[in-house]
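Sequential numbering from 68 applies to the sequence shown in my numbering.
One thing to keep in mind: the hints can contain errors.
What the hints assert, rightly or not - Restraint ranges, calculated between C-beta atoms of paired labels, are given here:
#1 Lys153 with Lys342: 50 to 56 angstroms
#2 Arg290 with Asp146: 21 to 27 angstroms
#3 Ala129 with Gly402: 48 to 54 angstroms
#4 Ser380 with Leu254: 45 to 51 angstroms
#5 Gly135 with Pro379: 50 to 56 angstroms
#6 Asp146 with Pro396: 34 to 40 angstroms
#7 Ala239 with Gly135: 34 to 40 angstroms
#8 Ile430 with Lys342: 25 to 31 angstroms
#9 His391 with Asp146: 38 to 44 angstroms
#10 Trp145 with Asp326: 20 to 26 angstroms
#11 Asp326 with Arg434: 27 to 33 angstroms
What the hints assert, rightly or not - With a straight-line Cα cutoff of 30 angstroms, these simulated DSSO-like cross-link-like pairs (lysine-lysine) come out:
#12 Lys399 with Lys247
#13 Lys348 with Lys153
#14 Lys247 with Lys196
#15 Lys143 with Lys153
#16 Lys410 with Lys348
#17 Lys196 with Lys165
#18 Lys165 with Lys120
#19 Lys432 with Lys399
#20 Lys247 with Lys143
#21 Lys126 with Lys196
#22 Lys342 with Lys247
#23 Lys416 with Lys358
#24 Lys343 with Lys153
#25 Lys143 with Lys126
#26 Lys247 with Lys343
Treat the hints as calculated values from the structure; they're not laboratory data. These numbers were taken from a predicted model, which means no experiment stands behind them. Using N, Cα and C, we set each Cβ at its ideal position, and we do this for glycine too.
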Amino acid sequence: MASKKFEPPQTPDEFFREVEAHRPTRGKSAHGEIWAVYARLSREEPGRYQYSKDTQINKAEAYARNHGAEQVLVYKDWDYSGKNSKRPEFQRLIRDIKAGRVDVVVVHRLDRLYRNLESLLHFIRLLKKCHVCLMSVTEAIDTDTWWGLSVLHMLGMLAEMWVRQTSERTNASLNRRARKGLPLGDLPLGYCNGLCSACTDPNGEGYCPLWGEPDRIESQGGRIPVPHPVDHYVVRWIVDSYHNGMSYHDIADYLNFHDFTLPDGTQVHFRTRGKKSDRKKPIEQQDRTFKRDSIRIIVGNIFYAGFVARYPSPDFSIEDNVEHPERIPTPKPKGNPREIVEKHPGQHKPLITLQLWEANQSIRKGRSNSPTNARRKTRIYPLTGVGRCWECKRQKRVESLRGTLDHGLVYYRCAYTQKSIKRRSTRRPSAATQALKTHAL
Numbered sequence: 068m069a070s071k072k073f074e075p076p077q078t079p080d081e082f083f084r085e086v087e088a089h090r091p092t093r094g095k096s097a098h099g100e101i102w103a104v105y106a107r108l109s110r111e112e113p114g115r116y117q118y119s120k121d122t123q124i125n126k127a128e129a130y131a132r133n134h135g136a137e138q139v140l141v142y143k144d145w146d147y148s149g150k151n152s153k154r155p156e157f158q159r160l161i162r163d164i165k166a167g168r169v170d171v172v173v174v175h176r177l178d179r180l181y182r183n184l185e186s187l188l189h190f191i192r193l194l195k196k197c198h199v200c201l202m203s204v205t206e207a208i209d210t211d212t213w214w215g216l217s218v219l220h221m222l223g224m225l226a227e228m229w230v231r232q233t234s235e236r237t238n239a240s241l242n243r244r245a246r247k248g249l250p251l252g253d254l255p256l257g258y259c260n261g262l263c264s265a266c267t268d269p270n271g272e273g274y275c276p277l278w279g280e281p282d283r284i285e286s287q288g289g290r291i292p293v294p295h296p297v298d299h300y301v302v303r304w305i306v307d308s309y310h311n312g313m314s315y316h317d318i319a320d321y322l323n324f325h326d327f328t329l330p331d332g333t334q335v336h337f338r339t340r341g342k343k344s345d346r347k348k349p350i351e352q353q354d355r356t357f358k359r360d361s362i363r364i365i366v367g368n369i370f371y372a373g374f375v376a377r378y379p380s381p382d383f384s385i386e387d388n389v390e391h392p393e394r395i396p397t398p399k400p401k402g403n404p405r406e407i408v409e410k411h412p413g414q415h416k417p418l419i420t421l422q423l424w425e426a427n428q429s430i431r432k433g434r435s436n437s438p439t440n441a442r443r444k445t446r447i448y449p450l451t452g453v454g455r456c457w458e459c460k461r462q463k464r465v466e467s468l469r470g471t472l473d474h475g476l477v478y479y480r481c482a483y484t485q486k487s488i489k490r491r492s493t494r495r496p497s498a499a500t501q502a503l504k505t506h507a508l
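Turn these sequences into a full structure, and let the hints guide you.
See the structure below:
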């Protein structure tokens with residue numbers, strides 16, 4: 068008997084009826100199985116398709132209970148993209164699948180698993196290998212039929228298309244903001260949004276004298292960055308000190324070990340904003356000290372001169388490794404990531420002059436491109452930046468030397484005890500530096 072010829076759906080209603088007809092069913096026979104509910108929400112998606120945190124979990128868990136699940140495990144990744152597998156809870160789910168602790172995986176929508184078609188198919192193969200079923204609350208997924216596989220490919224392709232379009236829209240938005248002179252991303256140290264009445268700045272409460280006061284008019288409702296009442300002084304001091312010969316290490320150590328007197332007579336110990344990941348910790352557990360890299364970033368940031376700049380950025384990438392996400396290579400920009408691609412006059416008030424910024428960039432290039440440095444071989448000294456001097460207790464300026472003592476072995480010395488550093492510290496500071504420097508308490 069000849070098989071019935073397949074007629075493709077002619078209307079959307081016919082398509083969805085065909086999808087519903089091929090929906091896999093798991094009735095009361097699923098008693099005793101362990102169901103895993105996976106939910107994910109990226110930063111770009113709140114409010115989209117009603118992807119609330121509670122909705123995903125509640126509907127998926129109810130779906131599992133209605134299909135006979137007695138035990139439901141919940142895995143949730145908030146603020147994680149679906150373009151790759153770098154998600155802690157998702158990796159825990161994979162480990163449980165391999166260990167045989169999960170029988171069925173259920174999601175609210177397929178794009179909660181991935182917005183990467185290739186990775187999605189890899190994950191499906193992993194489920195089949197481990198004899199685990201995949202279910203979706205809103206979509207018919209049956210990977211054992213050709214129709215189910217075609218639907219899976221189509222949905223995965225649409226999910227990947229969304230994340231690619233989002234990347235393009237984000238780039239276009241950043242270009243528009245740069246042309247308007249508005250900041251891109253987080254504000255650098257020395258600036259704040261001016262919303263003092265509802266301040267959430269890490270250098271706000273207990274540090275800023277305007278914390279809790281009325282919003283600053285010049286910020287235009289938080290749209291224009293304004294100089295931070297305290298931190299804008301340290302930015303000017305850092306830039307001026309570098310211009311007068313101090314190194315990144317010297318500046319960082321001086322800030323960490325000294326207090327300063329502001330023009331109004333207030334004494335303050337300058338600090339950074341710290342890492343975002345540490346801001347939920349008590350203030351005494353946060354590392355707010357200045358580092359060499361934080362000083363380097365401030366010296367090289369043209370935002371302080373009143374400009375908004377764009378730098379080389381990596382091409383959009385969805386390269387992934389489902390079972391070993393730690394092996395995913397980090398995308399790198401083409402060219403020098405510190406080289407400015409384009410700059411636009413900003414709407415914010417500059418803290419330094421453009422001439423001073425340009426002079427510091429010339430100094431920086433001169434230090435890094437000296438003939439001595441060009442001929443010197445690259446060496447690795449593990450204790451640099453880690454070891455401490457037993458006299459001054461400082462950590463940042465421990466230098467390594469290779470001499471004839473001890474059969475040419477590497478030994479370390481503290482740069483602060485050397486004559487070169489002492490001569491540098493005797494240089495006469497500028498007027499701006501003298502106005503802020505005080506002895507350490």
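What hints, given by number in increasing order, does this structure fail? 1, 4, 6, 7, 9, 10, 14, 16, 20
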